[in-house]
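Start from the sequences, fold in the hints, and give me the full structure.
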Amino acid sequence: ELKEIVFPSFSVDLMQAVRETFFSESESFSTEDRKVFIDIYYFFFTMKIIEAMDPDSFSMTCKDGIDLGCSVNFQMYCMLKYINNETVTDQDLDCLHYLLYAPSLLIRERLMIKDRFDRCLSAIRKVEELRKKIGKSRFSSLIKKNFDPLYTSGILHFDPVPPKEN
Numbered sequence: 141e142l143k144e145i146v147f148p149s150f151s152v153d154l155m156q157a158v159r160e161t162f163f164s165e166s167e168s169f170s171t172e173d174r175k176v177f178i179d180i181y182y183f184f185f186t187m188k189i190i191e192a193m194d195p196d197s198f199s200m201t202c203k204d205g206i207d208l209g210c211s212v213n214f215q216m217y218c219m220l221k222y223i224n225n226e227t228v229t230d231q232d233l234d235c236l237h238y239l240l241y242a243p244s245l246l247i248r249e250r251l252m253i254k255d256r257f258d259r260c261l262s263a264i265r266k267v268e269e270l271r272k273k274i275g276k277s278r279f280s281s282l283i284k285k286n287f288d289p290l291y292t293s294g295i296l297h298f299d300p301v302p303p304k305e306n
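Using our numbering, you'd call the opening residue of the sequence shown number 141 and step up by one each time.
Please keep in mind that the hints were generated in silico from the structure rather than gathered at the bench. None of these values were measured; they are calculated from a predicted model. Heads up, some of the hints might be wrong.
[As the list claims (entries may be wrong)] Listed next, the in silico BS3-like pairs over lysine-lysine satisfying Cα-Cα at most 27 Å (straight line):
| no. | residue 1 | residue 2 |
| --- | --- | --- |
| 1 | Lys285 | Lys304 |
| 2 | Lys266 | Lys276 |
| 3 | Lys272 | Lys254 |
| 4 | Lys254 | Lys143 |
| 5 | Lys143 | Lys285 |
| 6 | Lys273 | Lys203 |
| 7 | Lys266 | Lys254 |
| 8 | Lys272 | Lys284 |
| 9 | Lys143 | Lys203 |
| 10 | Lys221 | Lys285 |
| 11 | Lys254 | Lys221 |
| 12 | Lys304 | Lys143 |
| 13 | Lys273 | Lys175 |
| 14 | Lys175 | Lys266 |
| 15 | Lys175 | Lys285 |
| 16 | Lys266 | Lys285 |
| 17 | Lys284 | Lys221 |
| 18 | Lys221 | Lys273 |
| 19 | Lys175 | Lys304 |
| 20 | Lys276 | Lys203 |
| 21 | Lys272 | Lys221 |
Dropping the structure here:
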C-alpha cells in the first residue's frame, strides 16, 4: 500500500536528503526558504508516488490545469534535466515556454498567477545555484548519493523528451 511505502521512513529520509543537499549551509529557514524546501520536497515525493504506483501515464494538473499544473510540469521537467546533468536545449526551452505560458494565455487570456510562478522559479533557482556553485559533475554525484537510495528504480534518471514538431 502507498501509505506504507511513503510513511514514515521515506518521508523523513527525504526531508533529510533535501535539507542536506539544498540547505546544508542554512541554520534557519526564512519564509521563502520554507516554500522552496516544500516545492523541492514535493518534486521528489511525487517521483516516489509515481515509482510506487507505476502508472502507464500520469498528468500533473489542477482544477483547470492552468496555474499549479503548469508550474508543477515546468518544475518537473527542469528538475529532471538538472539532476541528470542534461543540457537544456532550444527545443527544451520551446517546450518549457509552452508548459508555463500556453494554458493560462489560451484558456484564461492572462499570465499564470504571480505567486505560483515565483515559487516555481525560486525552487528551480535553488537547484540551479547549487549546480553552478559545486559544478555539474559534483551536483550529479551529490544527487545520486543523497536521493538514489530512496528509490528502487531509476525513476530519477531519465531525460524528459520534448514533443517533436510534425
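Structure-based check of each hint:
1. Lys285 to Lys304: violated, 33 Å
2. Lys266 to Lys276: With Cα atoms ~14 Å apart, Lys266 and Lys276 stay inside 27 Å; holds.
3. Lys272 to Lys254: holds, 26 Å
4. Lys254 to Lys143: violated, 33 Å
5. Lys143 to Lys285: holds, 25 Å
6. Lys273 to Lys203: Answer violated: Lys273 to Lys203 is near 37 Å, above 27 Å.
7. Lys266 to Lys254: holds, 18 Å
8. Lys272 to Lys284: With a Cα-Cα distance of about 17 Å, the restraint between Lys272 and Lys284 holds, given a limit of 27 Å.
9. Lys143 to Lys203: This hinted pair holds, its Cα atoms lying about 24 Å apart.
10. Lys221 to Lys285: Roughly 17 Å between the alpha carbons, so the hint for Lys221 and Lys285 holds.
11. Lys254 to Lys221: holds, 24 Å
12. Lys304 to Lys143: Violated, at about 37 Å.
13. Lys273 to Lys175: holds, 21 Å
14. Lys175 to Lys266: holds, 11 Å
15. Lys175 to Lys285: holds, 24 Å
16. Lys266 to Lys285: With Cα atoms ~19 Å apart, Lys266 and Lys285 stay inside 27 Å; holds.
17. Lys284 to Lys221: holds, 14 Å
18. Lys221 to Lys273: Cα-Cα ~17 Å, so holds.
19. Lys175 to Lys304: violated, 34 Å
20. Lys276 to Lys203: violated, 36 Å
21. Lys272 to Lys221: OK: Lys272 and Lys221 at ~14 Å, within 27 Å.
Comparing the model with each numbered hint stated earlier shows that hints 1, 4, 6, 12, 19 and 20 do not hold.
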